[in-house]
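Number of protein chains: 2
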Amino acid sequence: MNIRDYLSARKREVEKALDSFMLPEQGVFTDHIAAMRYSLFVGGKRIRPILCLAAAEAVTDDAATRDALLPVACAIECIHTYSLIHDDLPAMDNDDLRRGKPTNHKKYGEAAAILAGDGLLTYAFELLSRPASALPDGSRLRIIQLIARAAGPEGMVGGQFLDISNENRDYPFELLKTIHKSKTGALIACSVLSGAIGAGADAVQEEKLREYGILIGLAFQIVDDLLDATATTTQLGKTAGSDRARGKATYPAFFGIEATKEKARETVEAAKTALSSFSNRAQPLIDLADYICMRTH
Amino acid sequence: MNIRDYLSARKREVEKALDSFMLPEQGVFTDHIAAMRYSLFVGGKRIRPILCLAAAEAVTDDAATRDALLPVACAIECIHTYSLIHDDLPAMDNDDLRRGKPTNHKKYGEAAAILAGDGLLTYAFELLSRPASALPDGSRLRIIQLIARAAGPEGMVGGQFLDISNENRDYPFELLKTIHKSKTGALIACSVLSGAIGAGADAVQEEKLREYGILIGLAFQIVDDLLDATATTTQLGKTAGSDRARGKATYPAFFGIEATKEKARETVEAAKTALSSFSNRAQPLIDLADYICMRTH
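Chains as they are written, first to last, in the numbering used here: chain A, 1 to 297; chain B, 1 to 297.
If you're looking for bench data, these hints aren't it; they were derived computationally from the structure. Among the hints, a few may not be true.
The list makes no distinction among identical chains, and a pair is therefore deemed to hold if it is satisfied within one copy or across any two copies.
Below, computed lysine to aspartate or glutamate pairings styled on EDC-like, alpha-carbon distance capped at 20 Å [stated by the list, open to error]:
#, residue 1, residue 2
1, Lys-107, Asp-224
2, Lys-45, Glu-15
3, Lys-177, Asp-31
4, Lys-261, Asp-290
5, Lys-248, Glu-206
6, Lys-107, Asp-202
7, Lys-101, Glu-15
8, Lys-181, Asp-31
Please model the complete structure; the sequences and the hints are all you need to start from.
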């Protein structure tokens with residue numbers, strides 16, 4: 001299966017699972033649920049949940065184990081979606097568009113958007129701790145711990161704090177790396193690692209997939225920086241050039257476009273190399289690495 | 001031990017644990033951590049974590065089991081604190097004062113306050129899933145599930161959404177009950193139940209403590225409504241009369257002050273009755289029920 005077919009099949013699978021796991025729009029909380037569902041289903045490539053499932057595939061061909069990871073994959077997507085809703089708020093990036101549609105607060109108002117984010121974040125942990133899960137208790141607790149760390153004060157939230165509080169400031173490349181690693185890299189890396197742990201990876205497999213996850217997270221952010229600098233608003237579905245407009249440090253700002261492209265390619269190659277000891281069941285992860293890099297061309 | 005001494009001893013214990021479990025103000029995320037710590041340590045009676053520990057005491061006299069519940073008790077306090085930070089935001093209740101001090105966004109700005117809330121909520125789940133926990137994996141997963149449900153879209157966050165979106169509207173008493181139960185009652189009830197589960201309660205004990213928790217949560221909210229209607233801003237440490245000013249429905253608005261006081265007393269008595277089959281180790285919970293009601297006098 002080529003990577004585009006693979007991605008669209010997995011995307012459909014993830015979206016079907018998201019729809020079944022997310023609360024239905026009914027009952028007394030229906031308006032709140034509608035606001036959460038709006039951002040959850042407004043679009044998105046579902047890269048994080050797909051990475052989680054693809055990492056599980058690389059470890060095992062047992063379909064039941066992979067299915068047991070669907071709630072984990074969906075929880076990660078809920079967390080990613082909440083982070084976009086909060087990042088877009090007037091007090092943060094103040095964005096009107098996301099994926100070509102009005103941002104959550106533009107559609108539902110600021111209070112409802114803050115709460116939609118809070119609800120999605122909390123619901124993610126409800127999904128992760130569901131009684132019906134087929135994953136062993138120990139693996140689930142490890143996955144919850146990993147995800148909470150990746151999304152928390154020393155991960156995604158901390159990274160967003162650093163990003164916001166250093167706008168329009170000159171800062172060293174070391175800080176840019178920290179921001180990227182915590183704000184974007186951590187959740188991507190933990191998507192891969194969660195899939196590995198849930199699929200019962202041994203210590204060596206886990207270490208290799210951890211390495212792949214960290215590198216792919218870095219590549220993803222470098223490419224995002226590049227796209228913000230080079231693509232149009234229509235291509236992005238969000239405001240292009242907004243990093244520069246906000247005085248945000250980026251890879252292109254430090255190294256220029258060409259050297260940044262080279263850096264993205266190198267990082268993707270390193271991610272692929274980390275998987276050299278895996279069977280051909282790791283092919284989707286390898287293709288995903290290339291796909292992430294391709295977005296720059 | 002009388003209840004005031006009990007409460008101040010437990011409060012010290014909880015605050016010491018909170019300080020040891022919360023990230024230290026150092027490293028690259030120090031400003032973000034400072035904003036979380038500010039609201040976590042600006043004051044508060046620590047009723048929820050104390051309820052958790054007192055429920056465990058009612059079930060077991062094993063000190064190690066009770067100590068193993070400290071991270072759970074602290075996680076609940078982190079979630080309560082995050083909810084206050086977000087409730088106070090300009091887009092929500094727009095409060096300047098909380099516990100007699102500037103609210104988080106007044107001190108750190110709106111973006112930092114949103115992220116301090118997000119960070120505390122996420123960190124709570126990190127605490128709950130810590131590898132070093134002495135609680136059995138199954139109990140921990142049940143507790144995580146309970147807390148996520150109580151704090152989530154059909155619990156605290158959903159309740160806050162209903163509260164905000166029904167300001168200045170006439171609505172039936174049924175909806176007021178739903179708002180109170182979800183916004184405030186759910187987290188209080190789950191504080192008690194988490195302590196019970198963590199301490200290894202049997203099915204009957206669990207059911208009785210569940211009943212006590214729900215009733216105490218209701219009593220707490222009725223008393224809060226009363227205090228908002230009758231106390232001064234100095235007594236509350238937050239703006240008094242703000243419910244009425246915002247056109248929020250409350251128990252006193254439906255029933256008047258005296259009938260509401262009677263309702264609070266009845267609810268507290270029912271909560272105490274639920275514990276009649278417990279040994280005298282449930283005395284702190286019984287005294288806590290009375291203490292909650294006393295706040296109105």
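For each hint, the structure was consulted:
In this assembly of identical chains, Lys-107 and Asp-224 lie within 20 Å of each other by CA distance neither inside one copy nor across copies; the values are 25 Å within and 33 Å between. Within a single copy, Lys-45 and Glu-15 get their C-alpha atoms as close as 10 Å, which meets the 20 Å cut-off; across copies the closest is 43 Å, which misses it. For the homomeric pair Lys-177 and Asp-31, the shortest alpha-carbon distance between copies (18 Å) is at most 20 Å, but the shortest distance inside one copy (39 Å) is not. Taking CA atoms no more than 20 Å apart as the test, Lys-261 paired with Asp-290 passes inside one copy only; the shortest distance there is 13 Å, against 67 Å between copies.
In this assembly of identical chains, Lys-248 and Glu-206 lie within 20 Å of each other by CA distance neither inside one copy nor across copies; the values are 34 Å within and 53 Å between. In this homomeric assembly, Lys-107 and Asp-202 never come within 20 Å of each other (Cα to Cα): the closest approach is 46 Å inside a single copy and 48 Å across copies. Proximity of Lys-101 to Glu-15 under the C-alpha cut-off of 20 Å is restricted to the intra-copy arrangement: shortest distance 18 Å within a copy versus 45 Å between copies. In the homo-oligomer, the alpha carbons of Lys-181 and Asp-31 lie at most 20 Å apart only across protomers (18 Å), although the nearest pairing inside one protomer, at 35 Å, exceeds that limit.
The earlier numbered hints that this structure contradicts are 1, 5, 6.
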